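**Q** Sequence:
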Amino acid sequence: MKFVALIRYPFHADSIFTIFKCIQEGHVLVAVANLEPPADQEELDSYMYQSVGHRAVPYIAEALSVPLMREKITGTAIKTSLHYDDKEYNPMDEVEDLTKLLARVEAVSAGAIFSKYQKDRVESVAIRLNLHVLAPLWEKDQYFLVKEMIACEMEVIIIKVASLGLGKEHVGIPLGRMVDHLESLSAKFGFAVNFAGEGGEYESLVLDCPLFSSRLEMYVNVRVVV
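Mapping the sequence shown onto the UniProt record's numbering, position 179 (from 1) lands on 179, and the numbers just tick up by one.
Honestly, I wouldn't trust all of these hints.
[As the list claims (entries may be wrong)] Each computed DSS-like pair below joins lysine-lysine, with the alpha-carbon atoms no more than 30 Å apart:
| no. | residue 1 | residue 2 |
| --- | --- | --- |
| 1 | Lys140 | Lys188 |
| 2 | Lys147 | Lys2 |
| 3 | Lys119 | Lys100 |
| 4 | Lys116 | Lys2 |
| 5 | Lys72 | Lys116 |
| 6 | Lys119 | Lys147 |
| 7 | Lys140 | Lys119 |
| 8 | Lys168 | Lys140 |
| 9 | Lys168 | Lys188 |
| 10 | Lys116 | Lys140 |
| 11 | Lys2 | Lys140 |
| 12 | Lys116 | Lys100 |
| 13 | Lys188 | Lys116 |
| 14 | Lys2 | Lys100 |
| 15 | Lys72 | Lys100 |
| 16 | Lys147 | Lys168 |
| 17 | Lys119 | Lys72 |
| 18 | Lys119 | Lys188 |
| 19 | Lys2 | Lys72 |
| 20 | Lys119 | Lys2 |
What the hints contain is simulated information worked out from the structure, not anything from laboratory work.
Values in this document were obtained by computation on a predicted structure and should not be read as measured data.
Work the whole structure out from these sequences, hints included.
**A** Structural data, given as structure tokens:
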């Protein structure tokens with residue numbers, strides 16, 4: 001099945017790893033899709049979209065040798081309950097920006113792991129547009145997913161931190177060098193469910209992986225949130 005890869009989650013590496021898994025399953029990547037913040041806002045306080053590192057997305061599409069589909073984020077988080085009812089949606093909700101973006105495709109990959117909030121909203125849009133949703137990472141063990149990403153030679157760096165035990169000294173560090181530290185934090189503070197950072201504990205950027213035709217060489221401007 002031909003699909004477009006949605007790059008938007010707080011843990012950016014899961015979006016890339018999802019592409020890797022979908023291709024392994026025989027699907028064909030035809031484009032990368034992304035919602036970017038307005039020009040005057042480098043970072044959004046969004047329930048749905050990663051904006052830190054958004055300037056890297058065109059380079060990612062280029063490295064994957066596929067076109068980039070992009071729309072601006074114009075809405076805000078209006079319906080914040082866990083379930084998103086597609087029959088009662090608000091056109092000003094940030095989720096509806098996704099509807100405009102995906103109206104041009106037939107199938108979409110989503111990197112959700114345990115976030116029902118995010119997966120539910122992608123599926124709501126997909127149902128209305130008659131799209132297939134590919135979510136090969138759904139409900140997989142996050143610890144083993146991170147280990148598998150590293151084993152698959154994905155070069156991932158931390159670009160933002162927002163958790164106890166993570167500070168500015170960890171920004172720019174390769175994820176492979178952070179595993180032991182994340183394990184100790186998981187044991188100490190109990191965020192094992194979000195070992196992969198899906199809860200916003202940290203955000204990441206893939207600099208290289210077997211799918212890329214070239215390595216991303218760039219400086220990443222980040223902000224640390226405590």
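**Q** Hint by hint, say whether it matches the structure.
**A** Hint by hint, here is what the structure shows:
1. Lys140 with Lys188: 22 Å, holds
2. Lys147 with Lys2: Holds, at roughly 28 Å.
3. Lys119 with Lys100: Holds. Lys119 to Lys100 sits at ~17 Å (cutoff 30 Å).
4. Lys116 with Lys2: 25 Å, holds
5. Lys72 with Lys116: 24 Å, holds
6. Lys119 with Lys147: 23 Å, holds
7. Lys140 with Lys119: 14 Å, holds
8. Lys168 with Lys140: 29 Å, holds
9. Lys168 with Lys188: 20 Å, holds
10. Lys116 with Lys140: At roughly 13 Å apart (the allowed maximum being 30 Å), Lys140 and Lys116 satisfy the hint.
11. Lys2 with Lys140: At roughly 24 Å apart (the allowed maximum being 30 Å), Lys140 and Lys2 satisfy the hint.
12. Lys116 with Lys100: 21 Å, holds
13. Lys188 with Lys116: 25 Å, holds
14. Lys2 with Lys100: 19 Å, holds
15. Lys72 with Lys100: 10 Å, holds
16. Lys147 with Lys168: Distance ~23 Å between Lys147 and Lys168 Cα, so the pair holds.
17. Lys119 with Lys72: 20 Å, holds
18. Lys119 with Lys188: Status holds; Cα separation ~29 Å.
19. Lys2 with Lys72: Distance ~24 Å between Lys2 and Lys72 Cα, so the pair holds.
20. Lys119 with Lys2: 20 Å, holds
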